[in-house]
Amino acid sequence: MTEARSSTRPSVIDARGLSLTFTTADGPVHALSNVDLTIEKGDFVSFIGPSGCGKTTLLRVIADLERQTAGTITVNGTSPEKARLDRAYGYVFQAPALYPWRSIASNVALPLEIMGLPKAERLRRVQKNLALVNLAGFEKKFPWQLSGGMQQRASIARALAVEPDLLLMDEPFGALDEIVRDHLNEQLLQLWAKTEKTVVFVTHSIPEAVYLSTKIVVMSPRPGRIHDIVESDLPRGPRPLDIRETPEFLKIAHRVREGLRAGHSYAD
Amino acid sequence: MNALLAPLRGGGVLPFLAIVAIFLAFPLPGDATSLGLSPVALGGLTASVVVAAALFLRRADALAIGLGLVASFAGAALLIDDLPDGPLPAGSPGMGQGFWFALVAVWLLAWTTVDRIAGLSPRHPVARRAADLAIPILFGVWLLILWEVLVRGLGVPSVLLPAPSAIGAKLAAETATLWADFRQTFLKSVLVGWALGCGSGFLVALLVDRVPFLKRGLLPVGNLVSALPIVGIAPIMVMWFGFDWPSKAAVVVIMTFFPMLVNTLAGLDAAGRMERDLMRTYAAGHGQELLKLRLPAAMPFVFNALKINSTLALIGAIVAEFFGTPIVGMGFRISTEVGRMAIDMVWAEIAVAALAGSLFYGAIGLVERLVTFWHPSMRR
Ligand SMILES: Nc1ncnc2c1ncn2[C@@H]1O[C@H](COP(=O)(O)OP(=O)(O)OP(=O)(O)O)[C@@H](O)[C@H]1O
Ligand SMILES: [Mg+2]
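If you read the sequences in order, they're chains A and B.
Residue numbers for the first sequence, in the working numbering: 1 to 268.
Residue numbers for the second sequence, in the working numbering: 1 to 380.
Extracted from the complex, chain A is given alone in its bound form (with noise of 0.2 Å):
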């Protein structure tokens, strides 16, 4: 593992001691507490963790929709705000989150009609997209007719359809059977080698983790903070889904499940 890497490369996203604690009915909730992160360009870093760990809501802090209370992050050089308002960023959410009452298609090309882009220019980034996610022949449907994974891929398809630099994905395939997983996993790899995008992913599995990123953060609950982060000295770029049963990739996995393991046993 290399921990010293050179890094020349400039940073995408910047935290330093960031917190956040929600104030509800039954007190404080420190889903946050002293962050420091730095993601460079190009990287394609994984948070790990137990359910509440604040995983989302550390996201959500990079995308502006949740302000810190406390420390600093800066995404692209610039506050959070200027860099939404930059439309620097796609984000795929948890859940679907599609109109019902725009088809497939047109979910697709609702980011892009707000960017204001030419109707054909939509039209291609559309096709593309849905083909890329195997959802090609279901332009028409309503999401309300598709599987909920076909859903989730289609809300994988309209971020994508954004071509943003920097991709925010929560758990974007976790509603996935392991086969279409799989796939999804080796074209976000090829995508990302492609085109230099930094991608930020939120996943619960161990081996989608290591399988995707140059670095995985694992993070502890109560309060939400980040255990380890573990640099993977995989080869960058696209790689073979059998990677995943070399020693090198099973060390790597060995030493995320130890953080996760420490993580939990903190918290009880």
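Any given hint could be a false lead.
Lysine-lysine pairs mimicking BS3-like chemistry, simulated, CA-CA at most 27 Å apart [to be verified]: (1) A:Lys251 x A:Lys41; (2) A:Lys215 x A:Lys119; (3) A:Lys141 x B:Lys215; (4) B:Lys292 x B:Lys215; (5) A:Lys140 x B:Lys292; (6) B:Lys292 x A:Lys82; (7) A:Lys128 x B:Lys292; (8) A:Lys140 x A:Lys128; (9) A:Lys82 x A:Lys141; (10) B:Lys292 x A:Lys119; (11) A:Lys141 x A:Lys119; (12) A:Lys140 x A:Lys119; (13) A:Lys82 x A:Lys41; (14) A:Lys140 x A:Lys41; (15) A:Lys215 x A:Lys194.
In case anyone wonders, no lab produced these hints; they're calculated from the structure.
Given the coordinates of chain A, assemble chain B with the ligands onto it according to the supplied hints.
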């Protein structure tokens, strides 16, 4: 014995009772006047009721249903024909018990028929549509038949409740007057008032949504205005806008404005948190978010208000005409004809109002189906 009772368990009670009732309809010895049917008519009626009911005990196919329809309607026609034309003479006991038993038999047969039609599940979509339509129509027709027979058979004074045939005759005879009233009240007061009230409620909701302090200032005022009694509002509107339909439309506007305002506001808040966050991640402006998310999400609420208001508007316009109006209009007609004890004309106006109101409501419902096809309550 068991074999004999078996059909009763499968919903066979109704046809069984129908058979019992039709035999009870036969005149008892020494009671020749109880049913005025000729022996031939009574025999035919009995035979067809028994055959149809017996068929229903065994099966519920097209033949049984067709026979049930024919027998029940033929029976109803015979019984209505048997009723005296004029009012029953004072002190008359009304129709004899044979008549009522025959009515019960025919009615039970009709009930069974409708029940069996409801039980059908035709494969063909046209047949299914026909079956779906047949049930409410049969229900309505039988309501009218029972109304007719009970009112005339029991000699109910027409001031209390005229028979449907009398109302129908009035509808046919007074078409010109009814049409003029309909045009004045419905096509002018109701439609204009409804459109203005709903439209302004909707626009003000958009404004209130944009300017939060209005919510605190305007909602209580709107609430207050909508709580004002119509009997107080209507005369004031007459003073403001004159005797003709604009004052009635103004009453309708006041009645319909607030339901639309409140419903639209609720609808604009109906979009979920994640759907809104999505718009935020696109850095969508207020107008874009409104147009592409919050208004579509609000449509089920808006249509709810449109439907509620269609009924309110009709009531409002008719009642408002009680407080000064030119000599035309449904409310005007009702109030004057009540004064002249011409109750059948009042009922004719009520029939027109009911029909217009239902069609209006139904038309809004149709548009709603097209617009909110995606809503869980509309999906098929
Ligand atoms: N809007 C909110 N108000 C109050 N508490 C919140 C809010 N959002 C999240 N929390 C709390 O913050 C904590 C972290 O939540 P978060 O959604 O980030 O967890 P997570 O790691 O994404 O979990 P999961 O894996 O189940 O998605 C939880 O305890 C949650 O109850
Ligand atoms: Mg989460």
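Outcome of the hint check:
1. A:Lys251 x A:Lys41: Distance of about 26 Å is within 27 Å: holds.
2. A:Lys215 x A:Lys119: violated, 38 Å
3. A:Lys141 x B:Lys215: violated, 39 Å
4. B:Lys292 x B:Lys215: Cα-Cα ~23 Å, so holds.
5. A:Lys140 x B:Lys292: holds, 18 Å
6. B:Lys292 x A:Lys82: Judged against 27 Å, a Cα distance of about 23 Å means the pair holds.
7. A:Lys128 x B:Lys292: holds, 23 Å
8. A:Lys140 x A:Lys128: holds, 15 Å
9. A:Lys82 x A:Lys141: violated, 35 Å
10. B:Lys292 x A:Lys119: holds, 17 Å
11. A:Lys141 x A:Lys119: holds, 20 Å
12. A:Lys140 x A:Lys119: Within the cut-off at roughly 17 Å; holds.
13. A:Lys82 x A:Lys41: Holds: Lys82 (chain A) and Lys41 (chain A) sit about 18 Å apart, inside 27 Å.
14. A:Lys140 x A:Lys41: Roughly 37 Å separates the two Cα atoms, so the pair is violated.
15. A:Lys215 x A:Lys194: OK: Lys215 (chain A) and Lys194 (chain A) at ~18 Å, within 27 Å.
Checked against the numbered hints above, the structure violates hints 2, 3, 9 and 14; every other hint is satisfied.
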